[in-house]
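Which chain is which? The protein sequence lines are A and B, in order. With our numbering applied, the first sequence corresponds to residues 1 to 135, in that order. With our numbering applied, the second sequence corresponds to residues 1 to 66, in that order.
Honestly, the hints are just simulated from the structure, not real lab data. The beta-carbon is built from N, C-alpha and C at its ideal position, and this holds for glycine as well. Keep in mind that the hints are not guaranteed to be accurate.
[Said to hold, decoys possible] Computed from the model, here is a short list of chain B residues facing chain A with C-beta under 10 angstroms:
1. Leu-8
2. Gln-16
3. Val-30
4. Ala-32
5. Ile-33
6. Phe-38
7. Ser-41
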Amino acid sequence: MQLCGIKDPTQRRWFIRYMVAMAIYPFFCIAAVAGFLLLHVHGALSWPLALLPALPIAAAVYSIGSFVAHEKDDFQRHVQVWSLLGGMGATLVLTTMWGFLENYAHFQHMDLFWVWVIFWAFTGIAFLVVKARYR
Amino acid sequence: MKNRLKVLRAERDWSQGDLAGRLEVSRQSVNAIETGKFDPSLPLAFKLARLFETTIESIFIDESQA
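All chains, full assembly: derive it from the sequences and hints.
Laid out in structure tokens, this is it:
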């Protein structure tokens with residue numbers, strides 16, 4: 001069986017784990033928001049509840065790392081690593097710039113929730129750029 | 001790195017896809033190596049040498065030694 005063109009069973013397992021983590025993510029976000037807005041959670045419970053949405057993100061990051069580590073095709077691993085590096089680098093630059101603009105130029109505050117979204121947007125762009133380089 | 005992959009492949013009438021299948025890599029990998037845009041790892045270079053029944057040095061041209 002092939003899933004999104006992934007032939008290796010170990011890689012397929014990590015990809016499924018990534019998908020499961022990302023499917024859980026919105027539910028954990030809703031649970032955290034509901035906990036604070038509807039149940040008015042405060043005190044010691046507020047920390048684990050606030051960190052709840054970060055758990056699937058951590059699982060997703062671990063799954064991506066394992067997926068890349070199990071890539072047997074040198075070239076495909078090269079493309080994946082450079083795409084992720086491009087995504088991480090661009091996200092770091094943009095969010096750092098935005099932080100300084102917030103501090104000194106009164107830019108609107110950016111919720112850190114967007115960092116994950118921005119990272120994947122840049123990783124997608126980097127993937128296309130890296131692929132085009134080897135076409 | 002320049003190489004003779006295209007010639008070796010043509011001698012056997014293999015497409016890039018055929019070679020990729022024999023090496024258990026993607027067709028894009030074969031294309032990137034063949035066009036000299038990507039250098040294979042040592043295990044893959046050995047695999048290529050075994051497949052073409054030759055040596056790594058006779059497939060890949062070390063331009064720094066030329």
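| Okay, which hints does this one fail, numbers in order? | Of the numbered hints, 1 and 2 do not hold.
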